[in-house]
Amino acid sequence: MAKVKKKTSKTFTLKMVMNCVEHRLGGKRHLNLSFKELSTVPNCIQKVCDMHEVNLSRNLIRKVPDFIDHFVTIKVLDLHSNYLETLPVTIGRLQNLQVLNLCNNRLTALPCEVGMLWNLHTLYLGLNHLEALPGSIVSLKELRHIDLSDNRFTRVPFCLSRLKELETVNLDRNPILPDQTQILEYVLPEGFHLVKARLLCKSCLKRCQDQKGNSKEAGVKFKAIYLTSPNTRALGMISYCPEFL
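Mapping to UniProt numbering: the sequence shown position 97 is 97, numbers consecutive.
Because the hints were derived from the structure by calculation, they are not lab data.
Among these hints, one or two may not hold up.
Unchecked claim - The following label-pair restraints were derived from C-beta to C-beta distances: (1) CYS20 x PRO175: 33 to 43 Å; (2) ARG106 x CYS20: 20 to 30 Å; (3) ARG173 x ASN119: 43 to 53 Å; (4) ARG173 x GLU85: 18 to 28 Å; (5) MET16 x LYS164: 42 to 52 Å; (6) ASN19 x LYS164: 36 to 46 Å; (7) LYS164 x MET18: 37 to 47 Å; (8) ARG29 x GLU142: 20 to 30 Å; (9) THR154 x THR11: 41 to 51 Å; (10) GLY135 x ARG106: 18 to 28 Å; (11) LYS28 x GLU165: 17 to 27 Å; (12) ASN96 x LEU14: 15 to 25 Å.
In this text, a Cβ means the ideal position worked out from N, Cα and C, and glycines have one as well.
Please construct the entire structure, taking both the sequences and the accompanying hints into account.
Below, the structure is given as structure tokens:
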């Protein structure tokens with residue numbers, strides 16, 4: 001019986017890396033190493049650390065190297081669809097980072113240093129093994145969008161209520177506990193999306209306010225109110241974001 005050849009990581013030289021650098025308008029440079037069958041991040045990319053965006057998605061990477069903090073100018077870091085189980089604490093030094101995509105990995109926790117990404121506005125964490133978020137998340141004052149779908153959350157992370165700029169939260173397909181679903185009277189069957197009231201059309205906002213009034217009569221306390229979609233042309237189903245007092 002013929003042996004199945006094991007897939008091995010490609011060896012990347014600096015020349016090969018340079019061939020993956022894309023030049024965009026405004027002088028922005030993007031390093032695109034997606035779909036390169038990499039099991040490790042090549043050391044030689046340290047020679048091209050003045051990037052606006054680095055794409056290492058769809059590889060076989062198990063570890064983000066400590067030298068990731070050399071990319072001080074980076075705005076977008078895409079690591080989705082790898083085999084990451086942890087992140088280095090040095091990731092917190094990427095203080096110009098605006099978008100971080102960690103979807104479809106094996107993360108069980110995030111380092112507290114993630115809370116140092118003060119300019120981050122979009123964080124993708126779907127399809128991992130997360131059960132909780134670090135308390136330092138409350139320091140992400142610019143965070144507007146967070147995807148937590150397909151993880152292991154049993155409760156809505158309380159720290160999210162401290163993020164005043166948040167516009168959307170995706171908690172689809174998490175094992176939310178029954179007491180949570182009882183409080184969140186209109187939670188979607190598979191999870192829920194949260195959108196700030198200021199993004200809603202008048203029709204959706206009125207419906208949401210009416211439902212909020214009914215919930216107050218039932219003894220449920222809310223500080224903020226959200227819908228699953230920004231207007232009536234979308235899903236049209238209501239859910240709430242309670243802040244537990």
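Results of checking the hints against the structure:
1. At about 39 Å, the beta-carbon gap between CYS20 and PRO175 stays in the expected band of 33 to 43 Å.
2. Separation of ARG106 from CYS20 is about 25 Å and conforms to the stated range, judged on CB atoms against 20 to 30 Å.
3. The given range of 43 to 53 Å is broken by ARG173 and ASN119, whose C-beta atoms sit roughly 29 Å from each other.
4. At roughly 21 Å, the beta-carbon separation of ARG173 and GLU85 lies within the given 18 to 28 Å, and the hint holds.
5. Between MET16 and LYS164 the beta carbons are some 44 Å apart, a value that agrees with the proposed interval 42 to 52 Å.
6. Distance hint for ASN19 and LYS164: a CB-CB separation of about 44 Å, consistent with the stated range 36 to 46 Å.
7. The beta-carbon spacing between LYS164 and MET18, approximately 42 Å, falls within the hinted interval of 37 to 47 Å.
8. A hinted range of 20 to 30 Å holds for the C-beta pair ARG29 and GLU142, which are about 23 Å apart.
9. Take THR154 and THR11: their Cβ atoms lie about 43 Å apart, and the range 41 to 51 Å holds.
10. Take GLY135 and ARG106: their Cβ atoms lie about 22 Å apart, and the range 18 to 28 Å holds.
11. Range check, LYS28 to GLU165: Cβ separation about 25 Å, and the 17 to 27 Å hint holds.
12. Between ASN96 and LEU14 the Cβ separation comes to about 24 Å, which falls inside the hinted range of 15 to 25 Å.
In the structure shown, a violation is registered for the earlier hint numbered 3 alone.
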